[in-house]
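Protein sequences, first through last, are from chains A and B. 249 is the number that this note's numbering gives the last residue of the first sequence; the numbers go up by one with no jumps. 188 is the number that this note's numbering gives the last residue of the second sequence; the numbers go up by one with no jumps.
Hints may contain errors.
Stated by the list, open to error - Facing chain A, from chain B, some residues (calculated, C-beta under 10 Å):
#, residue
1, ALA114
2, GLY146
3, GLN147
4, ILE183
5, LEU185
6, LEU186
7, TRP188
Said to hold, decoys possible - Covered stretches of chain A (in silico footprint by chain B; criterion: 3 or more residues with CB under 8 Å from a CB of chain B, positions within the stretch not fixed):
#, stretch
8, 125-136
9, 205-218
FYI, nobody ran anything at the bench for these hints, they're computed from the structure. Since we're looking at a predicted model, the values are computed, not measured. Note that CB positions come from ideal geometry on N, CA and C, so glycine has one too.
So you can see what is in the structure, the chains are spelled out below.
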Amino acid sequence: MGLTVSFWILAVIIIAAALAVVFLRNVFRAALTLILCFIGVAGIYITLSADFLAAVQILVYVGAISVLIILAIMMTRNFQKGNQPNKVQLPVAIIAAALLGFLIYAVTASSWRISNLAPVENTTAPLATKLFSENGYILPVEIGAVLLLAAIIGAIVITRENKD
Amino acid sequence: MRGEGNKERKDRKDKEAVEIGLTHYLVLSAVLFCIGLYGALTRRNAVIILMCIELMLNAVNISLVAFSSYIVPVMLSGQVFAIFVMVVAAAEVAVGIGIILAIYRQFTDIDVNNINLLKW
Chain A
86 MGLTVSFWIL AVIIIAAALA VVFLRNVFRA ALTLILCFIG VAGIYITLSA DFLAAVQILV
146 YVGAISVLII LAIMMTRNFQ KGNQPNKVQL PVAIIAAALL GFLIYAVTAS SWRISNLAPV
206 ENTTAPLATK LFSENGYILP VEIGAVLLLA AIIGAIVITR ENKD
Chain B
69 MRGEGNKERK DRKDKEAVEI GLTHYLVLSA VLFCIGLYGA LTRRNAVIIL MCIELMLNAV
129 NISLVAFSSY IVPVMLSGQV FAIFVMVVAA AEVAVGIGII LAIYRQFTDI DVNNINLLKW
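With these hints in hand, go ahead and build the complete structure from the sequences.
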């Protein structure tokens, strides 16, 4: 019962925040509603018993990525030059609606083999075992570290001032 | 509560679908993905396009964790995948913000309709 109510509340929050991100004219308010959407997604993870992932979602998405996005908004403020109509709105809306219809049909028409087991409660230790121990995902972890290093170096090089 | 047998699931189907199942999470993920897709293709501000890409990545993460929690709860492979998606998303936002700032320094404008030097 509590799970049902919290799922529906979080789902409404997420969808409303996502619609606000897409349709708000003010960029900064769109960023704030994006943060609300991320927090809602963290709540969805908690309803799915993914507690570690919910904490990481708050830390990484709300704490780091949203701050970066707000930094970019602050540094790229240009005055709104009026609302030029966008020609692609209707075809994209049709395509997105068609994709949504197809996805909903594919999801509801498939028979999923739902497991009888209850989900794992404290996921931190099992996740650590799956990532770092034998037959785990240690190679993707190392590759992820190299990826982050490359992204950091790339971002620094791109945004550096060229003092030639 | 999950963890019960098939009889409970059959009883639940006779009622009004009060129990939240896998399809609820997947439909939520699909709606979020399509909203992000519409925004990424329609908006002209480059930062908002980046935000809509993050919406799509979050939708996929919800779907992954829902699959992991409902179909193979003990293996946690969906959650591991979701962690790596978050890593890639963080790296992508860092580089994307760098690109946007570099473009802004050059043009003082981040309207993607106006950044068309490479267009034929």
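Checked hints:
| no. | hint | in the structure |
| --- | --- | --- |
| 1 | ALA114 | 8 Å, holds |
| 2 | GLY146 | 9 Å, holds |
| 3 | GLN147 | 5 Å, holds |
| 4 | ILE183 | 12 Å, violated |
| 5 | LEU185 | 17 Å, violated |
| 6 | LEU186 | 17 Å, violated |
| 7 | TRP188 | 19 Å, violated |
| 8 | 125-136 | holds (count 7) |
| 9 | 205-218 | holds (count 6) |
The structure does not agree with the numbered hints 4, 5, 6, 7 stated previously, though it agrees with the rest.
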